[in-house]
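Visitor: The hints should help you fit chain X onto chain V, whose structure is shown.
Read top to bottom, the protein sequences are chains V and X. Mapping of the first sequence onto the working numbering: residues 1 to 282, in sequence order. Mapping of the second sequence onto the working numbering: residues 1 to 282, in sequence order.
Simulated from the structure, these hints should not be mistaken for laboratory data. Please read all numbers here as calculations on a predicted model, not as lab measurements. There may be inaccurate statements among the hints.
Claimed, not checked - Which bits of chain V does chain X cover? Going by a derived footprint, with three or more residues having C-beta under 8 angstroms, they are:
| no. | region |
| --- | --- |
| 1 | 17 to 25 |
| 2 | 45 to 59 |
| 3 | 66 to 77 |
| 4 | 188 to 197 |
| 5 | 222 to 233 |
To be verified - Chain V residues, not near chain X, derived (Cβ > 10 angstroms throughout):
| no. | residue |
| --- | --- |
| 6 | Ile2 |
| 7 | Pro38 |
| 8 | Ala42 |
| 9 | Gln83 |
| 10 | Asn112 |
| 11 | Lys156 |
| 12 | Pro176 |
| 13 | Asp177 |
| 14 | Phe214 |
| 15 | Leu239 |
| 16 | Asp244 |
Glycine is no exception: its CB is placed at the ideal position from the N, C-alpha and C atoms.
Protein chains: 2
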Amino acid sequence: MISRSAKITVVGLGVLGGSYIKGFYQAGYTVYGVDVDPQAVAYAEKMHWIKEGSTDASLVQDSDIVISALYPHVFESWIKENQHYFKPGTLLTDVTGIKREIISRINADLRNDVEFIACHPMAGREYRGIQYADCNLFTKANFIIVPTDQNTEAAKTTARDIAEILKFNRISELTPDQHDSMIGFLSQLTHIIAVSLMNVSDNTHLVDYTGDSFRDLTRIARINEDLWPELFELNKDNLVREIDAFINEMQNFCDLIQNDDVEEMKRLLRQSTERRACFDRK
Amino acid sequence: MISRSAKITVVGLGVLGGSYIKGFYQAGYTVYGVDVDPQAVAYAEKMHWIKEGSTDASLVQDSDIVISALYPHVFESWIKENQHYFKPGTLLTDVTGIKREIISRINADLRNDVEFIACHPMAGREYRGIQYADCNLFTKANFIIVPTDQNTEAAKTTARDIAEILKFNRISELTPDQHDSMIGFLSQLTHIIAVSLMNVSDNTHLVDYTGDSFRDLTRIARINEDLWPELFELNKDNLVREIDAFINEMQNFCDLIQNDDVEEMKRLLRQSTERRACFDRK
Chain V
1 MISRSAKITV VGLGVLGGSY IKGFYQAGYT VYGVDVDPQA VAYAEKMHWI KEGSTDASLV
61 QDSDIVISAL YPHVFESWIK ENQHYFKPGT LLTDVTGIKR EIISRINADL RNDVEFIACH
121 PMAGREYRGI QYADCNLFTK ANFIIVPTDQ NTEAAKTTAR DIAEILKFNR ISELTPDQHD
181 SMIGFLSQLT HIIAVSLMNV SDNTHLVDYT GDSFRDLTRI ARINEDLWPE LFELNKDNLV
241 REIDAFINEM QNFCDLIQND DVEEMKRLLR QSTERRACFD RK
Chain X
1 MISRSAKITV VGLGVLGGSY IKGFYQAGYT VYGVDVDPQA VAYAEKMHWI KEGSTDASLV
61 QDSDIVISAL YPHVFESWIK ENQHYFKPGT LLTDVTGIKR EIISRINADL RNDVEFIACH
121 PMAGREYRGI QYADCNLFTK ANFIIVPTDQ NTEAAKTTAR DIAEILKFNR ISELTPDQHD
181 SMIGFLSQLT HIIAVSLMNV SDNTHLVDYT GDSFRDLTRI ARINEDLWPE LFELNKDNLV
241 REIDAFINEM QNFCDLIQND DVEEMKRLLR QSTERRACFD RK
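Excised from the complex, chain V in its bound form (with noise of 0.2 angstroms):
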């Protein structure tokens, strides 16, 4: 396990940066906090959650650990501009929700004494900002490691420790490739048909009439436009399958409707009823 005298730096104070800072914390461990923002720096100052804080990236110095929780292409330029404050031997990660195209950027400029192993931590919340953390969200989320085969077993341990430490649910590993077909269906996918129901009409009339089954369908369509057109844009070739893939399912269903195929539509909800099962939760 990361020994309790580890230098642990978070940088990016947001929702997640503050959830994993808030994590260490309650766990026993002493971490440090960088976020240009002074007043999230000062928010995680207040809250005990770290050590110290700073919009000074100087703060890495010495660092065992640094977690980037930034946006792709903050943490691609905050890499080349302060990975000379590392010293050599710091182990890298992050929590970007895409993977291929994260990691073979910043491989691409990283110092060869500094190891980066990709993670994912598969939580977030619908508000953004330090004010908003909280470690209850990994309590039943998956951790993600991506480890490429430039990775050694010790970082690999490490990222395991993270993941324990922060308490998720499940740890797992996937390669890249694994890791970003996944994503592009269950989460970039799903995003996408959510804010595609919300943006189809201005149905905000309907509000009186809305049960739960639009509500559930619809809950993520609030969401973060600074990042998530990021993460569509590392993941293109994934997602834009996707979409296709559903687009023709939804339009064979339609076809179906028009066609009057009775059968054939009982066959596909009976399909849909089972697989459904398959993803209750145990």
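Guide: What follows is chain X alone, placed relative to chain V:
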């Protein structure tokens, strides 16, 4: 309010009809139940939800109020075959999920001395059968009365009384056109989205990576395959229009991703976030 000495008979003791008789029973009303399945009748009797049950439609004789909780096409044929049992002045109502077609078909067949007032309790479960009856469903659900100019004020009042006795959260009136348009978007389109998402590929191997977003989005993919194709067919014009519009919206978003149009994506995500905020529970 409906007199406690009124004879109320519910025809069709599935999950919804079962919840109706349970709700009436708990409110102190004496109800009767008819179902083709002797086990459903026996269950209702064992639970004391009905004073008397039968597989024979003649039980509706002398009823002041008859409530059909049958599938649409069964409702239609049941009325043709059994309306001769009704006493003059019986009020007939229903629970059907689409309204234009059912109103015109039932009224085309119905005796002149019986009045039909169409109602749609917007409540349901992903499970079928009287053993899943649960009148707590109603306390957060909408009850929609769908009168025509043939309906009397007395019938509308009785429909409202039924909703109040069953403790529906909100009671409203819509025209048949308004109702079917609303339901095509809020309910039918959303079910087809959930079904299509489950059917687009067999992703049950992803169950370990699935978070709340995907589960929320697909909860309603568990669907009664005998009922819903009927409801889709009976609202075909509205539903096909809604599916087409939704597919266009998805295709538009896909084009933005392919064209790297981040600014327009951001605008759409902001719009969906703002609209979704209107649907938060007060």
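Visitor: Decide, hint by hint, whether the structure agrees.
Guide: Cross-check of the supplied hints:
{"no.": "1", "hint": "17 to 25", "verdict": "violated (count 0)"}
{"no.": "2", "hint": "45 to 59", "verdict": "violated (count 0)"}
{"no.": "3", "hint": "66 to 77", "verdict": "violated (count 0)"}
{"no.": "4", "hint": "188 to 197", "verdict": "holds (count 9)"}
{"no.": "5", "hint": "222 to 233", "verdict": "holds (count 10)"}
{"no.": "6", "hint": "Ile2", "verdict": "holds (25 angstroms)"}
{"no.": "7", "hint": "Pro38", "verdict": "holds (26 angstroms)"}
{"no.": "8", "hint": "Ala42", "verdict": "holds (27 angstroms)"}
{"no.": "9", "hint": "Gln83", "verdict": "holds (27 angstroms)"}
{"no.": "10", "hint": "Asn112", "verdict": "holds (32 angstroms)"}
{"no.": "11", "hint": "Lys156", "verdict": "holds (18 angstroms)"}
{"no.": "12", "hint": "Pro176", "verdict": "holds (15 angstroms)"}
{"no.": "13", "hint": "Asp177", "verdict": "holds (14 angstroms)"}
{"no.": "14", "hint": "Phe214", "verdict": "violated (5 angstroms)"}
{"no.": "15", "hint": "Leu239", "verdict": "violated (6 angstroms)"}
{"no.": "16", "hint": "Asp244", "verdict": "violated (7 angstroms)"}
In this structure, the earlier hints numbered 1, 2, 3, 14, 15 and 16 are contradicted, and the remaining ones agree with it.
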